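A.B. asks: Fit chain L to the known structure of chain G by using the hints.
Letter by letter, the chains look like this.
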Amino acid sequence: MKKLTAAMVAVAGVAFAASASAATLDDVKAKGHIQCGVSQGLPGFSNADDSGNWTGLDVDMCRAVAAAVFGDSNAVKFTPLSAKQRFTALASGEVDILSRNTTWTMTRDTQLGLNFAGVNYYDGQGMMVPTSLGVTSALELDGANICTNTGTTTELNITDYFRANGMSFNLVAFEKADEVVAAYDAGRCDVYTTDRSGLAAQRGKLTAPDSHMVLSEIISKEPLGPVVRQGDDQWFNIVRWSLNAMINAEEMGVSSSNVNNLKFDASITPAVARLIGKEGNFGKELGLSNDWAYNILMQVGNYAESYEANVTPLGLARGVNALWSDGGILYAAPIR
Amino acid sequence: MTTPHKYVRTEDAPLLPPPATEAGITGWLWQNIFASMADYQSIGAAIRSLFMITFSLLLVYVFINQTFGLIDFAILSAVWSDPDGLKREACWTVQQGGALPDGWHGACWPFVWAKQKFAWFGPYPSEELWRVYIALAVGTVGLIWALLDRMPYHRQVGVLMLTIYPLLAFILLTGGNNEASLTSIGVWIFGGLAMISVGRMGAAGYLGAVFAEISSVFSIVGWGIIALNVVRGIASVDFNLTPVGTGDWGGLLITLVVALTGIVASLPLGIILALGRRSQMPVVSILCTIFIEFWRGVPLITVLFMASVMLPLFLPAGVNFDNLLRALIGVMLFSAAYMAEVVRGGLQGIDKGQYEGAQAMGLSYWQTMRLIILPQALTHVIPGIVNTFIGLFKDTTLVSIVGIFDLLGAGQSAVADAAWSTPVQAITMYLYIGVIFFIFCFGMSRYSIFMENKLSKSRRH
Chain G
0 MKKLTAAMVA
10 VAGVAFAASA
20 SAATLDDVKA
30 KGHIQCGVSQ
40 GLPGFSNADD
50 SGNWTGLDVD
60 MCRAVAAAVF
70 GDSNAVKFTP
80 LSAKQRFTAL
90 ASGEVDILSR
100 NTTWTMTRDT
110 QLGLNFAGVN
120 YYDGQGMMVP
130 TSLGVTSALE
140 LDGANICTNT
150 GTTTELNITD
160 YFRANGMSFN
170 LVAFEKADEV
180 VAAYDAGRCD
190 VYTTDRSGLA
200 AQRGKLTAPD
210 SHMVLSEIIS
220 KEPLGPVVRQ
230 GDDQWFNIVR
240 WSLNAMINAE
250 EMGVSSSNVN
260 NLKFDASITP
270 AVARLIGKEG
280 NFGKELGLSN
290 DWAYNILMQV
300 GNYAESYEAN
310 VTPLGLARGV
320 NALWSDGGIL
330 YAAPIR
Chain L
0 MTTPHKYVRT
10 EDAPLLPPPA
20 TEAGITGWLW
30 QNIFASMADY
40 QSIGAAIRSL
50 FMITFSLLLV
60 YVFINQTFGL
70 IDFAILSAVW
80 SDPDGLKREA
90 CWTVQQGGAL
100 PDGWHGACWP
110 FVWAKQKFAW
120 FGPYPSEELW
130 RVYIALAVGT
140 VGLIWALLDR
150 MPYHRQVGVL
160 MLTIYPLLAF
170 ILLTGGNNEA
180 SLTSIGVWIF
190 GGLAMISVGR
200 MGAAGYLGAV
210 FAEISSVFSI
220 VGWGIIALNV
230 VRGIASVDFN
240 LTPVGTGDWG
250 GLLITLVVAL
260 TGIVASLPLG
270 IILALGRRSQ
280 MPVVSILCTI
290 FIEFWRGVPL
300 ITVLFMASVM
310 LPLFLPAGVN
320 FDNLLRALIG
330 VMLFSAAYMA
340 EVVRGGLQGI
350 DKGQYEGAQA
360 MGLSYWQTMR
370 LIILPQALTH
380 VIPGIVNTFI
390 GLFKDTTLVS
400 IVGIFDLLGA
410 GQSAVADAAW
420 STPVQAITMY
430 LYIGVIFFIF
440 CFGMSRYSIF
450 MENKLSKSRR
460 H
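One line per chain: the protein sequences are G and L, in this order.
Each residue of the first sequence is one higher than the one before, starting from 0 at the first, in numbering that gives the first Met the number 0.
Each residue of the second sequence is one higher than the one before, starting from 0 at the first, in numbering that gives the first Met the number 0.
Extracted from the complex, chain G is given alone in its bound form (with noise of 0.2 Å):
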């Protein structure tokens, strides 16, 4: 069924970028405002605040591109999409981006005819375990109880990891992350397992989270970033460019508290300047103006700010997430 579904979207998908190769800008231009494909409640990443406004690290990466097409990062309109429905309603043309905490895998990027822009958040898969288990390494889980959603890769993985290691266990699985969590909480696992950030946004509803810890153990690469459709190169280019100028900008130290002032400043580096439209030509080639950036600054901020509005609350350290420069694997290319 679910190869059948993946045949289906793949077939579709071709079909789309074979016939809708027009651009999805000057759609978007059209009808004023970008439509973003977002989860239907992650914590961090896109979630309804308690005024229904989205918030979130994904949110953000599509009011970046709001903000460079139109200045105005307000020009979005959020879809919440299950994980099902995420690739057909790119596919579909129904979202012009896909901000929804998707892994980059292989198979997604050559058979659904869709693109990863970039990646906005490395992610991995956890394990967390009560301190009163007094296990410091996942090596020494064997025939641990394990706790985990079901029909997820989550499942895949951690039975990877213990036929790898040699380990037996017992995978006791849920429907819903909040079945997992009191599952949990009530002792009938010894283990909890499923993304780190999921870990860390979970560990509010346990009744003691000090006498839980995440074991240092990382056991699957799990890439997120944005994702268009297959065959918009243009389009690709701009959401792509919107993800390395909040992570250049950090680099740089450009912030929305500093970029005004540096528009006035002559001081700037020449990089910087190039960074906020005031040399070269950079957003008319990507067809946009050129403070495109200095806008996605201005309204959302650099790629610290969001992460530290909305990651960091969850207790989640930069970790691999910090730039190159500060020991973590993020690298945007230079604009130039």
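Hints in this document: simulated from the structure, not taken from any laboratory.
From a predicted model like this one, the values you see are computed outputs, not experimental measurements.
Built from N, CA and C at the ideal position, the CB exists for glycine as well.
Treat the hints with caution; some may be incorrect.
[Said to hold, decoys possible] The list that follows gives simulated cross-link-like pairs (lysine to aspartate or glutamate, EDC-like), each with its CA atoms no further than 16 Å apart:
1. G/Lys83 <-> G/Glu174
2. L/Lys116 <-> L/Glu126
3. G/Lys277 <-> G/Asp290
4. G/Lys262 <-> G/Asp290
5. G/Lys220 <-> G/Asp159
6. G/Lys283 <-> G/Asp232
7. G/Lys30 <-> G/Asp71
8. L/Lys116 <-> L/Glu127
9. G/Lys277 <-> G/Asp264
10. G/Lys30 <-> L/Glu178
11. G/Lys76 <-> L/Asp321
12. G/Lys283 <-> G/Asp25
13. G/Lys76 <-> L/Asp247
14. G/Lys76 <-> G/Asp26
15. L/Lys453 <-> L/Asp148
16. L/Lys86 <-> G/Asp49
17. G/Lys175 <-> G/Glu154
18. L/Lys116 <-> G/Asp48
19. L/Lys86 <-> G/Asp48
20. G/Lys262 <-> G/Glu278
21. L/Lys116 <-> G/Asp49
[As the list claims (entries may be wrong)] Here's a subset of chain G near chain L, in silico, CB distances under 8 Å, partners left out:
22. Asn46
23. Ala47
24. Ser91
25. Thr206
26. Ala207
27. Met297
C.D. replies: Just chain L now, with coordinates in the frame of chain G:
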């Protein structure tokens, strides 16, 4: 001659109160509860009595225990307000870094208050909410007015609620100002008028005997087209309201829109399908049967999934149906099929004599149905109809799998908010949603009992 007999009373015997085991509270308790435990005449009866005692005590214990657990969670132990704006910390125990004692287990109502707007209306823009309030207020008042036959003009109000109100609600909720060209509306209305004239001519017998049979269909379709295009025309008028796309609707609003559309559309559609299935004309009957069996044969979740995930793949690029509209049509057709079977059950319960009597009086097919058969058939199946309505109301929660935030979907999305994450976050929200659903479903059920009692007076023995 009147020899006094000692055994004949000369005055009435005094009225004794009924025995304590027969009347009053004690009587009720005795008859319904204790009588079954008081028989020790034989071994078998004694065992039965003892069993009843044990079982009753057990049930009472479970009931009190559970009820108290719920009351304790929802009311006694619950956190009611969050005056300092602490969010999740207001519902945290000492262990978690809050102020509540360890082991505390109660509802976190401030979370629900904070998500109230989201749970009811989803991401609908706050400054435009007055439009939803007006639509809801008019709807509630109109509905109650139309449903209570003690009110004056309740029939007229009912007709208004079915015709003008949906249009009013549509314009209020979306903002109106739809794109529609006047020429196309004009052409369609002209087409509708043409169809009505053809129907009239057919009815008058100018177009042959066979055509006269189906002429009424032409008139109905013609009127339908005209009505639809008048609606299109009104919906395209610019009322200077900010447009709010259905993507911004959510919560209870979506639940009500989906449920009410399904309920209002499924009854007439279901009646037509049921009549069609019992029709003597093979084509009509086969078509209706295929339609009904198809929709009954697939689960609603499949229908929604097809409508929202597969349909866009078959449409040409750029043609985009509204996601909510797709789900609405799916729900409507699905519930119409179920309704058709309920109505068919009613039709089959009508005695053949009723049809023959109507024919003997010279009534046409439609007159027979409208005046004789349907009023009786529908009255018989009120419980079935309301059952379908209640099922439909609850089935609306399935739309959340296609990314539409109904009440449950909005609640689940709210539960994912880390700013409020506590161990009781999910339970509190589900309790709240459960109460709302219960109010609506219980209300429908009570109204159905009221209608049954009212309509079946003539058949009481």
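A.B. asks: A separate judgement is required for each hint: does it hold in the structure or not?
C.D. replies: Hint check:
1. Between the alpha carbons of G/Lys83 and G/Glu174 the distance comes to roughly 14 Å, so the proposed pair stays at or under 16 Å and holds.
2. With a C-alpha separation of about 12 Å, the suggested pairing of L/Lys116 with L/Glu126 holds against the 16 Å cut-off.
3. Annotation: proposed proximity of G/Lys277 to G/Asp290 holds, straight-line Cα distance about 8 Å (limit 16 Å).
4. Restraint check: the Cα-Cα separation between G/Lys262 and G/Asp290 comes to about 10 Å, which is no more than 16 Å; the hinted pair holds.
5. At roughly 13 Å between alpha-carbon atoms, G/Lys220 and G/Asp159 fall within 16 Å of each other, so this suggested pair holds.
6. Annotation: proposed proximity of G/Lys283 to G/Asp232 holds, straight-line Cα distance about 15 Å (limit 16 Å).
7. A distance of roughly 14 Å separates the Cα atoms of G/Lys30 and G/Asp71; the hinted pair therefore holds under the 16 Å criterion.
8. As the CA atoms of L/Lys116 and L/Glu127 are separated by approximately 12 Å, the hinted pair is consistent with the 16 Å bound.
9. The hinted pair formed by G/Lys277 and G/Asp264 meets the criterion: a straight-line CA distance of about 10 Å does not exceed 16 Å.
10. Note on G/Lys30 and L/Glu178: the hinted pairing holds, with a Cα-Cα distance of about 14 Å set against a maximum of 16 Å.
11. Proposed proximity of G/Lys76 and L/Asp321 is supported: the alpha carbons are some 14 Å apart, at most 16 Å.
12. Under the criterion of a C-alpha separation no larger than 16 Å, the hint pairing G/Lys283 with G/Asp25 is consistent with the structure, at around 15 Å.
13. For the hint linking G/Lys76 to L/Asp247, the alpha-carbon distance of about 9 Å falls within 16 Å, and the restraint holds.
14. Straight-line distance between C-alpha atoms of G/Lys76 and G/Asp26 comes to about 14 Å, which keeps the hinted pair within the 16 Å bound.
15. For the hint linking L/Lys453 to L/Asp148, the alpha-carbon distance of about 10 Å falls within 16 Å, and the restraint holds.
16. Pair hint L/Lys86 plus G/Asp49 holds up; C-alpha atoms about 11 Å apart against a cutoff of 16 Å.
17. Between G/Lys175 and G/Glu154 the CA atoms are separated by roughly 13 Å; this keeps the pair inside 16 Å, and the hint holds.
18. For the given pair, L/Lys116 sits about 11 Å from G/Asp48 by alpha-carbon distance, which is consistent with the 16 Å threshold.
19. At roughly 12 Å between alpha-carbon atoms, L/Lys86 and G/Asp48 fall within 16 Å of each other, so this suggested pair holds.
20. A C-alpha spacing of about 11 Å is found between G/Lys262 and G/Glu278, which places the hinted pair at or below 16 Å, so the restraint holds.
21. Taken as a hint, the L/Lys116 and G/Asp49 pair is honoured in the structure, with Cα atoms around 8 Å apart against an allowance of 16 Å.
22. At its closest, the beta carbon of G/Asn46 sits 6 Å from a beta carbon of chain L; the interface hint therefore holds under the 8 Å criterion.
23. Checking G/Ala47 against chain L by beta carbon gives a least distance of about 6 Å; that is within 8 Å, so the hint holds.
24. Interface restraint check for G/Ser91: the shortest CB-CB distance to chain L comes to about 3 Å, inside 8 Å, so the restraint holds.
25. With its C-beta approaching chain L no nearer than about 5 Å, G/Thr206 sits inside the 8 Å limit, and its interface hint holds.
26. Interface restraint check: G/Ala207 against chain L, minimum CB-CB distance 5 Å, threshold 8 Å, status holds.
27. Using the Cβ-Cβ criterion of 8 Å, the hint placing G/Met297 at the interface with chain L is not satisfied: the shortest such distance is roughly 24 Å.
In this structure, only the earlier hint numbered 27 is contradicted, and the remaining ones agree with it.
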